[in-house]
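Protein sequences, first through last, are from chains A and B.
The first sequence: position 31 = 31 (the working numbering), numbered continuously.
The second sequence: position 198 = 1198 (the working numbering), numbered continuously.
I should point out that these hints are in silico values taken from the structure, not numbers from a laboratory.
None of these values were measured; they are calculated from a predicted model.
Keep in mind that the hints are not guaranteed to be accurate.
[Said to hold, decoys possible] Cβ-Cβ distance ranges computed for the label pairs, FRET-style:
1. A/E28 - B/E1045: 43 to 51 Å
2. A/I51 - B/M1046: 29 to 37 Å
3. A/G138 - B/A1071: 37 to 45 Å
4. A/A124 - B/E1045: 46 to 54 Å
5. A/A243 - B/F1025: 56 to 64 Å
6. A/R190 - B/S1248: 34 to 42 Å
7. A/G138 - B/A1317: 37 to 45 Å
8. A/R190 - B/D1049: 23 to 31 Å
C-beta: ideal position from N, C-alpha, C; glycine also.
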Amino acid sequence: MNWPRALLTDSGGFQMVSLLHLADITEEGVTFQSPVDGKPMLLTPEDSIQIQNKIGADIIMALDDVVKTTTTGPRVEEAMYRTLRWIDRCIAAHSRPHEQNLFGIVQGGLDPQLRDICLEGLVARNLPGYAIGGLAGGEGKDAFWRVVAQCTAGLPEDKPRYVMGIGFPLDIVVCTALGADMYDCVYPTRTARFGSALVSEGVLRLTHAAMATDYRPLDSSCTCMVCKRYTRAYLHTLVTKEAMGSQLVSYHNISHMMQLSRNLHSSILEGRFPE
Amino acid sequence: MEFTVRACSGHGRVGSLRLASGLEFETPSLLMITRRGLPVVIPPEMLMDLHPDSRACQFTPMHFLEDPLAAVVAKAGGVHKLASLTGFAMVAVARDSLGNEIAGEEASNLGASFETSSGRRIVGLEKYMEVVNACKPDLWVSLPDEVPHWVPEKRNRESVDHTSQWLDHCLSLQHAEHGNRCLGVVVGAGSLEERARSAEQAATRNVAGFSLAGFGLGEDVAQRGFHLEVAIAKLPNDKLRHVCGLGSPEEVLQAVGAGIDLLDSTYPYMLTKECLAMTFPLKMEVPLRNADRDMQPTPDHGVASGFSLAKVNLRSATYGIDETPLVTGCKCYTCKRHTKVYINQLLNSNETLAQTLLEIHNTYHYLEFFKAIRESIKADKFHEFRTWFTSQRVFGMTYDVSESFVA
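Please work from the sequences and hints to get the whole structure.
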């Protein structure tokens, strides 16, 4: 890739749940349909770590047993305990512990007791960092924030906390307030491809007819290349018709998220985060 | 605007073109393709540094006919400001080179039929010039009645008459303060006589140059050569000549050999769409391959796996382990940073970054091709260059990599 900056790889766990209809999860690992040729493939914790070792990212993720937050019943508990058993297999399989940081992922659905057990178990393994997983899947916001708060309270202060799959700016601000440090999401680029720009006031739907005569930049406070050069009106004519439209709005949206992170960071350092 | 011929080799010539904006560049020159004012996949902020010669673009006024874009470009003050491409040459070419068919359909006295964003419609003179004036291009082509070579004689004659009348009408509607930026169209597709007549008429008008139309429509290559010759023979030597519809390396060489100065070409993009990287050698010193011997890669002349001299299919499994750049020694952004294996991986993961990286390389390589053409003209070796190039291309095409492997 010729990428000289930091890199993080996921274990493939989420993709199993979100992208594949037929995923069979057993103690051994996850059997799913190969996206390349449709044949059945098994991904074990050992396989996942081995592949991540080869890719060589700075942070690698454990293979966890992910369930949707809308799932109820014994499956949630089974997934949480399996995640703990799998973290040990991941740790054992990790061949580059001094170059790559293996993060464990807290599961347990929306159940505070299950989350507690998982937290205790992962913290006891003394990992370099921790992720809060299994969220961002359709649960109500109140439930979501409660789980994040419980996890950040239960994780060590001096290690990174990574909330997986979070990308709405508001969610990022709230999770940061609750003590989280890292996020990932397809939202900024996906919403760009559908013609929506992220701006200080919220979300700007560029496909709206009113944009055709709006000659302002996307966001008057943004200093990115797109906001310096192009108007909403021009972007309106591009978004659904040219690949370049998606490219430019994606560029701005990513820039917007970078600026949001910088603002969160500096406001905390300067003691004015609550404002 | 000033155009001066600096060197000749046969009918091919190197010129220097200096636009009213102050931008100056050498011809023969490649005009890069844009859509609605912007490159198709190359990030606009990368265009300036892509290559020393990456300064000239083509756009089609037909994309700017309707609101909202018509109003937006007018309000922005022209296509340069709209697309933030000040410092570039923007040349308005009526024909949309990205694949719209010229069918030679009925044209009225008032306008010709074009594909627009709201379907095929007749574009009239007033509307055309309204858009041209709103776009403020550095050069613009007059409204053509372009027909393919197979239309009946009567229709062909009509197209010559229309084109000439419309040239006059366009000139009468051009903005005075923009100076003389018109490229008068020359048609005549099916008949050398009509071609000559069209050129004679255009030659007497007060234009900055000429745009030869009706090519790239399936005509016989030799016939095309005659048409180019006959038309150019009637045109003044000291004015610019553009041709639309021709873009492959052989077509470029034929056009330049006849005396053309500007071409807009979709060739780099056509390769990119097919996941092909342009790899043909650019220097005459490259030894030709002996078909009887095993193919061995010669890295310093940029041949990938040794099978095709012309282009490489990046989807092929053979590149899954090839850690060399697309063309060894190429100084483009893509080749300085990335390898074939990476692009192969991107293509197999359906990542659009692959197209961006390929298009950057293919455009760079084509600009280098144009530079090599100019160098050969300056050294009075254009004919040798053309002969060398076409002979090694015929050889290379026998070994297209995409046929050799099963992914």
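So the hint says 56 to 64 Å: do the beta-carbon atoms of A/A243 and B/F1025 match that?
violated, 28 Å
Distance restraint hint 23 to 31 Å, applied to the beta-carbon atoms of A/R190 and B/D1049:
About 30 Å separates the Cβ atoms of A/R190 and B/D1049, which means 23 to 31 Å holds.
Just tell me: holds or violated, for the beta carbon distance of A/G138 and B/A1317 against 37 to 45 Å?
holds, 40 Å
A/E28 paired with B/E1045, Cβ distance criterion 43 to 51 Å:
Once the Cβ atoms are compared, 49 Å apart, the range 43 to 51 Å for B/E1045 and A/E28 holds.
Taking 29 to 37 Å as the hint, is the beta-carbon distance of A/I51 and B/M1046 inside that range?
holds, 33 Å
That 37 to 45 Å hint for A/G138 and B/A1071 (C-beta), does it hold up?
For A/G138 and B/A1071 the Cβ distance comes to about 42 Å; the hint holds.
So does A/A124 sit 46 to 54 Å from B/E1045, Cβ to Cβ?
Cβ of A/A124 to Cβ of B/E1045: about 50 Å, so the range 46 to 54 Å holds.
CB of A/R190 to CB of B/S1248, is that within 34 to 42 Å?
holds, 38 Å
In this structure, only the earlier hint numbered 5 is contradicted, and the remaining ones agree with it.
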